[in-house]
Structure formats: structure tokens, C-alpha cells
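Peer 1: In case you want the letters, here they are:
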Amino acid sequence: MLLEPIFWSLFSLGGFITAFLFPVTLFLLFFAAPFHLWPTDPAAYSTFGGHWKEPLVRLFFFVLIGGSLFHGTHRLKFMLMDAGFKGRSAEAFLDVILNGVAIFGSLGALFYAVRGWLF
Amino acid sequence: MPMTSREYAWKRRPGWWLRNRRYLMFQLREAGGVICALYGLVLLNMLVQLRAGESAYTAFLDLLRTPPVLYLNVVLFALVVWHALTWFMLIGKAQPIQFTRQPLPWKVVFGINVLLWLGVSGAVVYLIFGGI
Amino acid sequence: MAASDVVFRVKRYRPESGGRPTFQEYTIPYRSDMVVLDGLNYIKDHIDPTLTFRWSCRMGICGSCGADVNGQPRLTCGTYVRDVHKGAVTVEPLSNFPILKDLVVDFDDFLRKLASVTPYIVRKDWGDLTKEYVQYPEDVEAYRQQSLCINCMLCYAACPVFGSSPEFVGPAASALALRYNRDTRDEGADARLARLNTRTGVWECTFVGECSVVCPKDVDPAAAIQTLKFLATMRHMRRLLMPGSSSR
Amino acid sequence: MKRTVYAADKVGFHILHTLFQTSMKYDRIHRFDEYFVTSLIVDGGACAGVVAMNLRGGTMVAIQGKATILATGGCGRVYEFTTNGFIKTGDGMALAYRAGVPLKDMEMVQFHPTCLPGTGILITEAARGEGGYLVNKDGERYMQRYLPSKMELGPRDILSRAMIQEMKAGRAFEGPYGLYMGLDLRHLGAKKINERIPMVRELVEKYMGLDPIHELIPVRPGQHYIMGGVSTNGKGETTLPGLYAVGETACVSINGANRLGSNSLSECLVFGAACGLAAAGFAKKKASYPRGAAAREALKKEEARVFDGVLGRERAKETVAGLRVEMQQLMERDVGIFREESALADACGMLGKMRDRFAAVGLADKDRVFNTELTAVLELDFMLDVALAIAHSARNRRESRGAHSRTDFPQRDDANYLKHTLAFRTDGPPRIDYVPVTVTKWQPVERKY
Chain D
1 MLLEPIFWSL FSLGGFITAF LFPVTLFLLF FAAPFHLWPT DPAAYSTFGG
51 HWKEPLVRLF FFVLIGGSLF HGTHRLKFML MDAGFKGRSA EAFLDVILNG
101 VAIFGSLGAL FYAVRGWLF
Chain Z
1001 MPMTSREYAW KRRPGWWLRN RRYLMFQLRE AGGVICALYG LVLLNMLVQL
1051 RAGESAYTAF LDLLRTPPVL YLNVVLFALV VWHALTWFML IGKAQPIQFT
1101 RQPLPWKVVF GINVLLWLGV SGAVVYLIFG GI
Chain S
2001 MAASDVVFRV KRYRPESGGR PTFQEYTIPY RSDMVVLDGL NYIKDHIDPT
2051 LTFRWSCRMG ICGSCGADVN GQPRLTCGTY VRDVHKGAVT VEPLSNFPIL
2101 KDLVVDFDDF LRKLASVTPY IVRKDWGDLT KEYVQYPEDV EAYRQQSLCI
2151 NCMLCYAACP VFGSSPEFVG PAASALALRY NRDTRDEGAD ARLARLNTRT
2201 GVWECTFVGE CSVVCPKDVD PAAAIQTLKF LATMRHMRRL LMPGSSSR
Chain G
3001 MKRTVYAADK VGFHILHTLF QTSMKYDRIH RFDEYFVTSL IVDGGACAGV
3051 VAMNLRGGTM VAIQGKATIL ATGGCGRVYE FTTNGFIKTG DGMALAYRAG
3101 VPLKDMEMVQ FHPTCLPGTG ILITEAARGE GGYLVNKDGE RYMQRYLPSK
3151 MELGPRDILS RAMIQEMKAG RAFEGPYGLY MGLDLRHLGA KKINERIPMV
3201 RELVEKYMGL DPIHELIPVR PGQHYIMGGV STNGKGETTL PGLYAVGETA
3251 CVSINGANRL GSNSLSECLV FGAACGLAAA GFAKKKASYP RGAAAREALK
3301 KEEARVFDGV LGRERAKETV AGLRVEMQQL MERDVGIFRE ESALADACGM
3351 LGKMRDRFAA VGLADKDRVF NTELTAVLEL DFMLDVALAI AHSARNRRES
3401 RGAHSRTDFP QRDDANYLKH TLAFRTDGPP RIDYVPVTVT KWQPVERKY
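Protein chains in written order, with our numbering: chain D, 1 to 119; chain Z, 1001 to 1132; chain S, 2001 to 2248; chain G, 3001 to 3449.
Just so you know, the hints here were simulated from the structure itself, not pulled from any lab data.
Note that beta-carbon positions come from the ideal geometry of N, C-alpha and C, so glycine has one too.
Below, simulated DMTMM-like cross-link-like pairs (lysine to aspartate or glutamate); rule was C-alpha separation at most 25 Å, straight line:
{"#": "1", "chain 1": "Z", "residue 1": "1011", "chain 2": "S", "residue 2": "2016"}
{"#": "2", "chain 1": "G", "residue 1": "3168", "chain 2": "G", "residue 2": "3332"}
{"#": "3", "chain 1": "G", "residue 1": "3025", "chain 2": "S", "residue 2": "2106"}
Chain S regions said to be covered by chain D (calculated; three or more residues, Cβ under 8 Å):
{"#": "4", "segment": "2161-2168"}
{"#": "5", "segment": "2188-2199"}
{"#": "6", "segment": "2226-2234"}
Using C-beta positions, here's what the derived DEER-type ranges look like:
{"#": "7", "chain 1": "Z", "residue 1": "1078", "chain 2": "D", "residue 2": "116", "range": "31 to 37 Å"}
{"#": "8", "chain 1": "Z", "residue 1": "1111", "chain 2": "G", "residue 2": "3194", "range": "22 to 28 Å"}
{"#": "9", "chain 1": "G", "residue 1": "3209", "chain 2": "Z", "residue 2": "1066", "range": "55 to 61 Å"}
The following block holds chain D by itself, in its conformation from the complex (with noise of 0.2 Å):
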């Protein structure tokens, strides 16, 4: 059974997800409060527990971190075995750590998505 299209579409998924979304969140919450760019601090954690309660933002994060995890997992399969990790054992050894990552990180964010709303 050749997974390979499955993964491909959660790689372009999340290709969309991280080229439209990370950007600016990456901006609000690591750089514009350190190098004094945005009146506030969006990452304080009053102000992003604050934010947290809100059932899209807790989407939004799911959605921010298993998109760039699936996209970003693949593409580094793909360095690798271009810097020679080759042949079909190392590309299952691959497939399994990097998909693992992926998969347990996805389901890592939904539980933190949920929790606290749902449970």
C-alpha cells in the first residue's frame, strides 16, 4: 500500500498553512515585542492565555502545527534520502520517524487544543 499520496496531500496542505499563516504569527510572537515592533507583546502570557480561550485560535494552532509538522517532515525525507539516505530499508526507517514526528505532534496540538474546552 503506497501511503506516499496521503502524505503528499498533508504536505501541500500544510505548504498553504505554513506560506500563508506562519509568517505573521511567527513575527507577533518572537519578534515584535524583543526588537519593540507592535505596541504590545502579543506572546505575553496574559494577553496569548487570554487569546487561548478562544475555540479559533485553539484551531488555528492545531491547524499551524500539524500542517508545518506534515509539510516540514517531508521535505526533510526528502533531503535526506537526497543526501543519500537510500534504499527501501532507510526510506521505511524514515517514513516511520518523520511520520511518527508528525502524526503524535498533530495529535500532541489537538490535545491542547481540546483540553480545558472539551475536557
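Following the hints, position chains Z, S and G against chain D.
Peer 2: Below, chains Z, S and G alone, put in the same frame as chain D:
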């Protein structure tokens, strides 16, 4: 007496992606994609720390804002932006679904996507981060 | 007209002498309107008849004269020396292919790959062969771009994925698969997508895009492969969700 | 009824690739890529296959068969300026000729008026069809002097001859590749050029470094097609049982003395199909497979001739490139667009001498694998045979007809020359013979515009 042809097997050089600028830009694009996954993990950890409470969260945030980590972040962020831009270029160059009779030139699609990107970013600022 | 000279650094490999490929330099008269192939022919006719390379039409249609010129795959008949030379012009056999002799490389692998994508019209029933299969201009437009491939192999030489995974079906064969899938007369799309939806198929492609940069006929194989990935995924999902349904 | 069909300006290209790709459907088609045929195997008065050199392996092999079809194209490389590819060296014609099959109407060589100087790349008729002008260095549309009723839309032979006359009158441009005329598209405007003849603009920009929207295209006549070839009937059959020829290699006589555009493609499609069916039918009916002994013998003979003979010759004064260029220039000058007795006599004599000089052509490349110097020598050998057949056929036709234009005999002479030329190979100059023309529906009349 018949001669057997001895083909010379060609081997790809390890530093192939330094051979021209486009190959290098490709490698940076791919690296940008991987960096995105790294940030995905960082964000996940932020959620873990958020869940753990204010002190843990603030400690993590402070770590991110120590100069070495911050400047590393600037470099990685550049790659993420490059990754976004290349993604918009690729959409125009691939167009598996064609909405118009003639495929649009990739530069046009790229321009549309950049505008869309600015719009989406503005929406994220207001909807997710509560505005300025 | 021959104001000055130009140096050609040509990679040589003699199978019967063995050893590794080496560079040989030739100094030849320069003309502003000479193409790289003219230089090679000058060498062959006037300096060194042992220099071996393929060529025929010298107008970019037969696709036999490809070589790496200053590190980039090009048709030597369509590359002006004035555009590429910086003191010297380096000519090497196309990257990624086994070298038979000097600039002559072995393309047989491509012919097997081309055959593997069913590069012809498939029909369950050919019907009345004395009648025409009518196509409208827009039907032709759907596959015209991919049908212009001249099998020159520059795209394979430019493809780093093919360079590291020789089993990869590659750009030109994929583009030609799409050419037939888009043909309104064809009914073989499913088999072609099945072939391309494999370990050696389109999934190997990482969209470096260099194939489309070097293509002398603007076939744009990189875009063709992305389209095929999309179509293969659609087919795959349909079969997952609706087992037993054959697509189209 | 339309005379032809087309696929944009790339008809031949699409036929070629469709045929090649569709051939992959059949496992039983076995291609011998990059094998160079050096001779036919003739056994008991029939063709029994070919002896070929495997370029990659550097070995000679005999390929036996009940039926053999020659489809090797034309012989444009016999001339200095040609629109043909480098590999169009008349191999198939020479192979049949050496096996005793006559070459028919070889004097009928078509020259296309609009080729880029230097490369010989063809600028299609469509450039004039869309309204392009032919001008001399004074900017004059000189065709008004030669064919005022049709101007630039006249037939290829008349346009080519008018160009040569303008050149002789000193009204041509002079460039690095000799004299040329101007093809002016500038008045058509960018829009029309881009829409109707994009390939013309692409070729001129790419291979001439000029933009036809703003500049004159330099053009001169070049050899384009040979109406003559291996004498066959409508089914591609030659006089040698089991040997067939088709396409430009063959002369079915559908082109007479002057081919119309696109008829070459009919030859491939229509007569290609007829020939294939005839050859298959012949093979089916023929009970016994050719004997191996004849093939082995032919193989041995060719190995000795090519590897011990040609490849063994040491390189000296006479080189393959030198002799080839000499032959091409001679053909261009004396057996080209205009012909006359003394020049043709001279050409026949010179070509005979070149045949002898050929024996002294030596090789620098002694390798067997992919030896393109060796194949160039073998091709020159074939070309000399073909060139001799052309020159002698032309010399013996003392009239002007179609593409064959004798300045000393400017009139058509149906009383004496309404007949096909046949050239037979001998150890000396070719033996020229004639056969009557079969006239069916259309009686020959004088060409008037």
C-alpha cells in the same frame, strides 16, 4: 576480438546544489520547509508551557528572547519567509487545477498570492491576536 | 571576421583506452555568430577527428546534440559561443548519464522509461478506422505543450533527483504521459497514473524545477509532474474511498 | 478535397514522434538503435537482410530478414547548402544502388529559395504566404523581373533560379557566408508575425540572432529534397525481390520533376503504409528463411572491408572532411540550380577522380566503439556514389524540366525526354538508361503563369 563497450558510470557530486544559483535557492527553500516543522515543535512546546502555568511559560519565552536564540531566530525566520515566497512561486509554476482557459503566467499568480498573503496576515492579526 | 580565438575545454573519454574522463583544450578561431556545435565541428574537421559527439539537424528539432556547456545542459546547436564564453567554453557530456565515448552518453534507460508510461493512444474499441477522430483546436491545445518534447534529455541531465535515483521515471517521460492523458481520444489515463503512482514514479520529484528551466522547447515537465501528482492523488483517494470503482 | 492536412507548422515532427511512441506498443518490434548499415545481403537474386555495424559495441552483425525496407531519407549532404540534417547522406540509395537496383530521376533535385545562410535552416513558405517580400540589396522586390504574375508566391524552382540570377547580376547582399537576398517581413507587423508564423521568428532569433519584426531575414537557396531515388513501384517494390524503399529514399514518381509542398509526408503516410503491407505480404508468402551461409559470408566480407580495410588506413593528406567539402562545393557549383554541359562534364570527371582519391582517405580514430570518423568515411563513400548518379543523370538530360534547369537547353523537350532516367552502378561511371513515363489523367502541358 569483439570489443565490449565500457561505459563510464556517472556519479553525482555531493555538492551538486552549489552548482548554480537555482539549485542553491531550491535547497534553501527545502531547508525553509524543514525549519517550519521545527517551529511547529516550538509552538507545540509553547502550548505545553502555557498549560504548565505562567512561570514555566514565561521562562520559555525568556529563553526564546535571549540574544543568541533571538538572532538564530532571525535567520530561521528569513528562511520561513523565503519558504513562503517560494511556495507562492510554485503555485504559479505548477497550477494542477486550472481556473482560466489559458494558464496564468506564474508571476501573475505569484503577485495574486502575495496580495492574498498580506490580507490573510492582516486577518490573523485581528482574528487570532486581537488586533494591534 | 575571425578577430580572435576561443578555447574549448572538452571532456574526453575513450572506452577502449580505459581510465577516467579527462579534459582536452582546443584553440579555435572565434566568430561572433558561432554556436557551440560549430566549434565542435571545427575541431572534428580541422584539429582532432577523434572527438566524438552526436548531432544532426542543427536547428533544435532532432535533440541529439545536448551537452553540458559551462555546467548547464544545453543543445549545442542553439547555444551561441558569445553568450557562454568567459575566456573558455567547457563542454562535457550530459550529467547523470553513463558516458559511452567523449560527449556521447547512453539514453537507453530513458527509452525503457518512456515505454513504461504507455506513450500512445489507448482505446478499448478503435471503432471504424476509416473515420477520423475529430479533435477541436482547444482539444489539441490541452496537450500541445507536452507534445513538443524532442527527447533531448536535457531535463534528465538537469534533474538532481534522477542523478541520485536513476530509477526515477523522470521529467520527459512524465510530461509525455500527461500529453496522452490529456488527449481526448485516449482511454489509458488510469494505467498511466497507476504506473506513475509508484515508488519510481512522480513521487520522487521534489520540484527543483530545473528541468523546465533547461527545456529548449518549453515543455515544462516540472509543472506536468505536479499535475500528475495531483491527478494520481485524486485517483488514489477515489480508490480508497470507493473501492472497486475504476476511475473514468 | 484538400490536398494536405497539417499539425501547425510541425507536421513531420508530430508524425515522427507519434510513430516512434506508438511503435513501443508492440513488443515484437525490435529496434537496433545506433546500428549503421554498411551493405545489403543479397542471396540468390534476392535481398536477405543487411550487414550493420553496432556503433556502441564496435562490432559488425548480420541482420537477416525475408523483406528489407529502406527508409533512410534523402541525400542533401551531397550539397554544401542543404536544409537536411547531417545524417541525410543517401545511405539507403547507395545501398540499393550497389546491390544492382537503379536510381531513378536523380537529376531532379529541389532547391528551396529561403534558407538561412550558414546553417541552411529552412524558412517556411508560410513566411511568403503571409505576405513576406523578397528583396535585393537595392530594396527592390526583384521577382517583378522574373514572375510578375505571382511574385513571391511562385514555385520553389523559379524563385531559387531568380535568386541566383540576382546574385550573378550583382544585386545581392554580401555576408560572412557569401551572397544572400533579403526576406522582408517587417511590413507584416509584430502581431501577424507572432500569430501566424511564430516558428519563423523563433528560428531567426535563435539561429540568426535577428528579429524579423525589425530586420531583414538573410536567405539563400539550399538543397531541400530529391525527387529521385531508389526506383520503386507504388508498393515500394524494387527490382531486387525482398528489397523495398519508401519516402525520400524511394522514387515512386509521384513528384515528377518538381515536388509540391507536403507531398513528402504523403509519401511517408500513404506509400509507407502500402510498402509496409507489401513487404509483410511478401514475407508471409515466402516459405523459407534466408540461409545463414550467405549472411555469414556477407558479414565476413564487410568486416574485412570496414575494419581491416577502411579503419586500417593511416591518416595522410586526404581527409574525410576535406574530400567531403570539396565534393559538396563541386555539386553546389556545377550540379546545382543552374546546369550546363561543360560544368556537368567537369563535375562527372572530378567526381570520378574523387572516387579514386577516396581510397586514400585515412583515419585518425582507430577505436571501434562509436567511431564517428569511421561512419563519416562510410557515409562519404555512399555520398560519392549518389553524387555520381546525380551528375551523370543531369548531364544526360539535355533539356530543362521542373527543378532540372539547363542554361544550354532552356526548353522542355517532350519529344526526346518525356521519360525517367535510370542510373545503374558499374565499376566505372554509372550507366544511364531511360524508361517511359506513364501518363494517365493529366497530359503534360507547358507551365504558364
